[in-house]
Every structure is written in C-alpha cells, then in structure tokens.
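Here the protein sequences come in this chain order: Y and E.
Quick note: my numbering has the first sequence finishing at residue 112, numbered continuously throughout.
Quick note: my numbering has the second sequence finishing at residue 113, numbered continuously throughout.
These are calculated hints, taken from the structure and not from any lab test.
Don't take each hint at face value.
[Claimed, not checked] Pulled a few chain Y residues facing chain E out of the computed Cβ check, cut under 10 angstroms:
1. Gln6
2. Leu10
3. Gly15
4. Tyr31
5. Tyr33
6. Gln37
7. Gln44
8. Tyr48
9. Ala77
10. Ala90
11. Phe92
12. Phe102
Beta carbons are placed, not taken as given, at the ideal position from N, Cα and C, and that holds for glycine.
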Amino acid sequence: GEDVEQSLFLSVREGDSSVINCTYTDSSSTYLYWYKQEPGAGLQLLTYIFSNMDMKQDQRLTVLLNKKDKHLSLRIADTQTGDSAIYFCAVFSGGGADGLTFGKGTHLIIQP
Amino acid sequence: DVKVTQSSRYLVKRTGEKVFLECVQDMDHENMFWYRQDPGLGLRLIYFSYDVKMKEKGDIPEGYSVSREKKERFSLILESASTNQTSMYLCASSPGQVVNEQYFGPGTRLTVT
Numbered sequence: 001g002e003d004v005e006q007s008l009f010l011s012v013r014e015g016d017s018s019v020i021n022c023t024y025t026d027s028s029s030t031y032l033y034w035y036k037q038e039p040g041a042g043l044q045l046l047t048y049i050f051s052n053m054d055m056k057q058d059q060r061l062t063v064l065l066n067k068k069d070k071h072l073s074l075r076i077a078d079t080q081t082g083d084s085a086i087y088f089c090a091v092f093s094g095g096g097a098d099g100l101t102f103g104k105g106t107h108l109i110i111q112p
Numbered sequence: 001d002v003k004v005t006q007s008s009r010y011l012v013k014r015t016g017e018k019v020f021l022e023c024v025q026d027m028d029h030e031n032m033f034w035y036r037q038d039p040g041l042g043l044r045l046i047y048f049s050y051d052v053k054m055k056e057k058g059d060i061p062e063g064y065s066v067s068r069e070k071k072e073r074f075s076l077i078l079e080s081a082s083t084n085q086t087s088m089y090l091c092a093s094s095p096g097q098v099v100n101e102q103y104f105g106p107g108t109r110l111t112v113t
C-alpha cells in the first residue's frame, strides 16, 4: 500500500519561509493534499494539487510536486505565529471511496 | 461551508463499556470516514462508508463497528471499550467526486479508564 513520510518537526523564525516536505511511494497517486491541524481542532484542508501539475500557488502557500521523485512540498511565505500547527500531507491513489493515506504530520514551530 | 459535527469533544468511559461516537455532515456528501489519531502514528483509517447502509473496513477495524442508517450520519461503535482505544477520533466526509477532498469534524478525545 501507499506510504507517506514527513519529518516530525520543523522550526522557523517568524517572518521566514517554511518548507514542509513529504514523500510518497505510489506513483499512481492522483491527488495530493495538505491539511492543517491547530491544537485541539480537527484537520482543515489547506490546498491540493493534481498529479499532472508541478506547482500551485495560493496567497502565501506554494505547493511543489516532483512526480519523478514522488516528492511534495508546502512552502509558507512570511511565516506567522498563527501558522503554528501540525501539517499533514495526504495522498489519494485510487478510485472508489478509500480514505486518504496520511503522513504522520509535521509540527511547525515558530520562533519569535 | 461544509460542516461536520461530532457529538462530543471529550468523553471518558470505563473499560468494557459500549461507546457510541456520532458524526453528522450537512452537505449531502456521499462518503464518510472514521479515523483515529495517535501521537507518532498520524491518522489511521478505521472504517468508511460510501453510501447509506454500506461500510468498508479501513486499516484498523478491529474492536470497532459502524452504522450508517442515514446519509448525513455515521456512527462509530466500540462494543467493549479498552484502554488501548484511548485516542482522538476524527470523522470526515467527502462529496465522492473526482477530487475527493475530505472535510473533518473537530474530533472527539476519548479516554478509556
């Protein structure tokens, strides 16, 4: 089955860019997602990208997909304290109603 | 906006009790999911449903069952709660269309003592 890997922690200074990385194993993955989870809350869909795209930008968020290396990244420009959260990479590989395969999540820690 | 609600934010139950976790979505979504989230393990799929009265096992169905009698409601049942079922339980729904993005509820933190 699909395996999705992320680093557990990332620490950045306020105002810098954050880059959260994710690798996956199934080359037939069609849709790739980034979710954000703030403390005590459920997951919030941030953005997604289709496998036929290389990049998607949405305000401060940039998603890059390297399909050859099966590598996905989320860049947050001008990181703010409100960006402190756990960020999950998730991958959808097939048809039907199967759940997404999630990475274990990256804790983004913002230093003042 | 899509809204997914869960019946409780926090729940404390005793070992051996039968536990019901309820999830309701208001967007007429076809698919609904139950995950558990544990530190260091991320999210793991317990069960999902793609239609009323239909259910499929996820990665870790043991010790759980589900019920979907109405499209908007998906229940997770712990027949006899055990301490290793202490966890955060997250419900999600998706429209069942091509993109398949999932919308999550706020979660229920269950403690089994």
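A quick look at each hint next to the structure:
1. With 10 angstroms as the threshold, the beta carbon of glutamine 6 of chain Y comes within range of chain E, its nearest partner Cβ sitting at about 8 angstroms, so the hint holds.
2. The interface hint given for leucine 10 of chain Y is violated, since its Cβ lies 16 angstroms from the closest Cβ of chain E, which is over the 10 angstroms cut-off.
3. The beta carbon of glycine 15 of chain Y comes no nearer than 29 angstroms to any beta carbon in chain E, farther than 10 angstroms, and the hint placing it at the interface is violated.
4. Of the supplied interface hints, the one on tyrosine 31 of chain Y holds, with its beta-carbon coming within about 6 angstroms of a beta-carbon of chain E, less than 10 angstroms.
5. Using the Cβ-Cβ criterion of 10 angstroms, the hint placing tyrosine 33 of chain Y at the interface with chain E is satisfied: the shortest such distance is roughly 6 angstroms.
6. A least Cβ separation of about 8 angstroms between glutamine 37 of chain Y and chain E falls short of the 10 angstroms threshold, and the interface hint therefore holds.
7. Annotation: glutamine 44 of chain Y was flagged as interfacial toward chain E, and the flag holds, the nearest CB pair being 7 angstroms apart, inside 10 angstroms.
8. Of the supplied interface hints, the one on tyrosine 48 of chain Y holds, with its beta-carbon coming within about 6 angstroms of a beta-carbon of chain E, less than 10 angstroms.
9. Interface restraint check for alanine 77 of chain Y: the shortest CB-CB distance to chain E comes to about 23 angstroms, outside 10 angstroms, so the restraint is violated.
10. The restraint placing alanine 90 of chain Y at the interface with chain E holds, with a minimum CB-CB distance near 8 angstroms, inside the 10 angstroms limit.
11. Interface restraint check: phenylalanine 92 of chain Y against chain E, minimum CB-CB distance 5 angstroms, threshold 10 angstroms, status holds.
12. Against a cut-off of 10 angstroms between C-beta atoms, the interface hint on phenylalanine 102 of chain Y holds, since the closest Cβ of chain E lies about 4 angstroms away.
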